[in-house]
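Protein chains: 2
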Amino acid sequence: MSDKKVRFGIVGLGNMGSEHVHSIMGMNEATVGAVCDVDLSKTEKYTARYGMKAFSNHREMIKSGLIDAVLVSTPHYDHVPIGIDALAGGLHVLVEKPIAVSVKAARQIIEVSKKFPNQKFGIMFNQRTNPMYQKMRELIADGELGTVRRVTWLITDWFRTWSYYASGGWRATWAGEGGGVLINQCPHNLDLIQWVTGMIPNRITAVGFVGKTHPIEVEDEMSAILEYPNGAIGHFVTSTGEAPGTNRFEICGDRGKIVAEHGKITFTRTRENVQEVNQKSPKSFASIETWTIDIPYPKAEGGEHKRLTENFIKSILHGTPMLGPGVEGIHGLEIGNAMMMSGLTRKPVELPVDGDTYDAFLSDMAKQYGGKKTLTTKKADVDMSASFAKA
Amino acid sequence: MSDKKVRFGIVGLGNMGSEHVHSIMGMNEATVGAVCDVDLSKTEKYTARYGMKAFSNHREMIKSGLIDAVLVSTPHYDHVPIGIDALAGGLHVLVEKPIAVSVKAARQIIEVSKKFPNQKFGIMFNQRTNPMYQKMRELIADGELGTVRRVTWLITDWFRTWSYYASGGWRATWAGEGGGVLINQCPHNLDLIQWVTGMIPNRITAVGFVGKTHPIEVEDEMSAILEYPNGAIGHFVTSTGEAPGTNRFEICGDRGKIVAEHGKITFTRTRENVQEVNQKSPKSFASIETWTIDIPYPKAEGGEHKRLTENFIKSILHGTPMLGPGVEGIHGLEIGNAMMMSGLTRKPVELPVDGDTYDAFLSDMAKQYGGKKTLTTKKADVDMSASFAKA
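Protein sequences, first through last, are from chains X and Y.
Taking my numbering, the leading residue of the first sequence gets 1, the next gets one more, and so forth.
Taking my numbering, the leading residue of the second sequence gets 1, the next gets one more, and so forth.
If you're looking for bench data, these hints aren't it; they were derived computationally from the structure.
Nothing here was measured: the structure is a model prediction, and the numbers come from that model.
One or more of the hints may lead you astray.
Copies of the same chain are indistinguishable here, so a pair counts whether it falls within one copy or spans any two.
Stated by the list, open to error - Restricting the straight-line Cα-Cα distance to at most 25 Å, the calculated cross-link-like pairs of lysine to any residue (SDA-like) are:
{"hint": "1", "residue 1": "Lys114", "residue 2": "Asn28"}
{"hint": "2", "residue 1": "Lys135", "residue 2": "Arg271"}
{"hint": "3", "residue 1": "Lys280", "residue 2": "Asn15"}
{"hint": "4", "residue 1": "Lys299", "residue 2": "Gln194"}
{"hint": "5", "residue 1": "Lys280", "residue 2": "Gly370"}
{"hint": "6", "residue 1": "Lys264", "residue 2": "Asn247"}
{"hint": "7", "residue 1": "Lys347", "residue 2": "Ala232"}
{"hint": "8", "residue 1": "Lys4", "residue 2": "Met27"}
{"hint": "9", "residue 1": "Lys212", "residue 2": "Pro229"}
{"hint": "10", "residue 1": "Lys347", "residue 2": "Phe209"}
{"hint": "11", "residue 1": "Lys264", "residue 2": "Ile288"}
{"hint": "12", "residue 1": "Lys4", "residue 2": "Lys306"}
{"hint": "13", "residue 1": "Lys283", "residue 2": "Asn247"}
I would like the entire structure built from these sequences, with the hints used as guidance.
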């Protein structure tokens, strides 16, 4: 650390990487020591403005001595190899979501990270800094809902145009991204559905569609039913073809339900335990007294990416617990892999997902659908601030 | 008709049949000419109060000359044989929902009804008289939503206690009811999801559970994904084990979405056609101007059963079009049969459902689960007015 500042090397200067450079350059406890992109021309505007060194090869940057941590914001398939190189090179690593495209690759980087317990390994689960999701998690962890019986997330407000998919040749291809809405738009939702509830499903039954409303070769709509080991049921519905779309996250337990929609948490609390009434009431049509409560939660300062990155920096400098430990990146990915495989093969998939089976499935998809994206690549108007789902 | 009053014979004096006797006795254009129950003691309080004749055999009642129409409110399996006897006996027929337990039986009575075009054949789809659903149907029929792309109904507010299931030995058994939440609680929802949208799915993938929160032998929870011939997707989630439960009916099209919840219809209308923006916008993250509109609809007078019955009477006396033609009873039943078979076999089911296949499935279920209802039958507190789902 120079002057107690964490010096980041940022790999991949696409839309997100670019945001990260500017954001970190404005922080007190961090700076950008180097930038890296296979297309060196993309580094020029940063080196010209800030004066850091540029690399076209991430291994050179790792060896340079100029940085303490690597932020990986490359296309998805490069997250794992670059992350592993950086860990092996003695650096802290913060990877953009998803941790990997497939569970097998995710398990590899997690295993490697365990060999370097003194280096921080984090994942950009910036939505874990959202006070609304933190509050929902707290309610469940504190037992306010009792045992969770149903988790339903309708998250169809990921509208993306044909222009979006045309804006990068790698976008919405099996070879370039390893999937569509599940791997690009939904990693946060897939993480939150397990982080908020503390539950991971053990079987997923899904119905998915490749290129339903866009001429692409990956899935742009997915509907999934999740079964949990404790008997709870879950639902996850997403699409990039719907507008205005819905974002409603509903969790029911033995003491009522919480619904998060339009940035508001509504708790319909039952005065009695639902399953006790179910079993013991002498009435056929028992109605349980319920209280409808608006749950308050604090507003957060700054953007979610900034907050997550600052938390990662504090974990390095001050030992603050990480909000997004890299090892937890596997959970949402595994749920997404199971949805993808079930939705496109139309067979239920058990969790944990077998790594080799999923990689073989990915190869099959690439063979079956590769080249079916018929959009001509062209530069589109990109405003990343419009890309994050509103809670 | 005596004095232009339709004289009903009511078969089956359980909870619903009892309501119907009192309701019809209060109508101007109808009366109850006879009541019938295999347990003749159940008829006494009506014959004592109103003086009509009682029968223990429906065939005797049909031949009696005392009635013009039969209202069938027996357990489900008897709807078809009694309905067919009444049609063959020259009478009008109004059957309680469901029209039948299986599509094969439903097709039989529908075929028979076509041989008697001068007799009315109706089904108690009383929720079709609900102005909220009528308004939703109107919005879609008028094209306000454009092409429908997604239909999602979370209808989990069918909470039923163990006492409810203990209140009749036939309840929640394969032999007595032919299913659980889908065949008893949901027939209206299964009808409305097709009547409101005008769309019938061609494939259903479901996950269902027998006796999840009640010691019964039939399904008490079901989650289904519906695929439609036009490419639209649907979701239907129900349970009798949840409280307070959710009743949210959401329909999305190319011109926005309507959400019906808490008795309110909210239309989020897009100013542009979503799929045109999708295809033509130069922006990657296009945001479409939307208007949030509270859709007004009239309040209805009287109860839904009364309104549907009065409509049936008017169809006999004045030729008024029937709101619930019996021949339309097959649609929701078929959707329910497909959900049931898919949810319990865990395989996608194509529609139309093959009648023999479904009947064989029903036999399998009875063999596999018959006798697993472990509740001792006892009289419970019954308040039917609490049993109808609030919109």
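| field | Structure-inconsistent hints, enumerated in ascending order | value | Going through the list in order, the structure violates hint 1 alone and respects the others.
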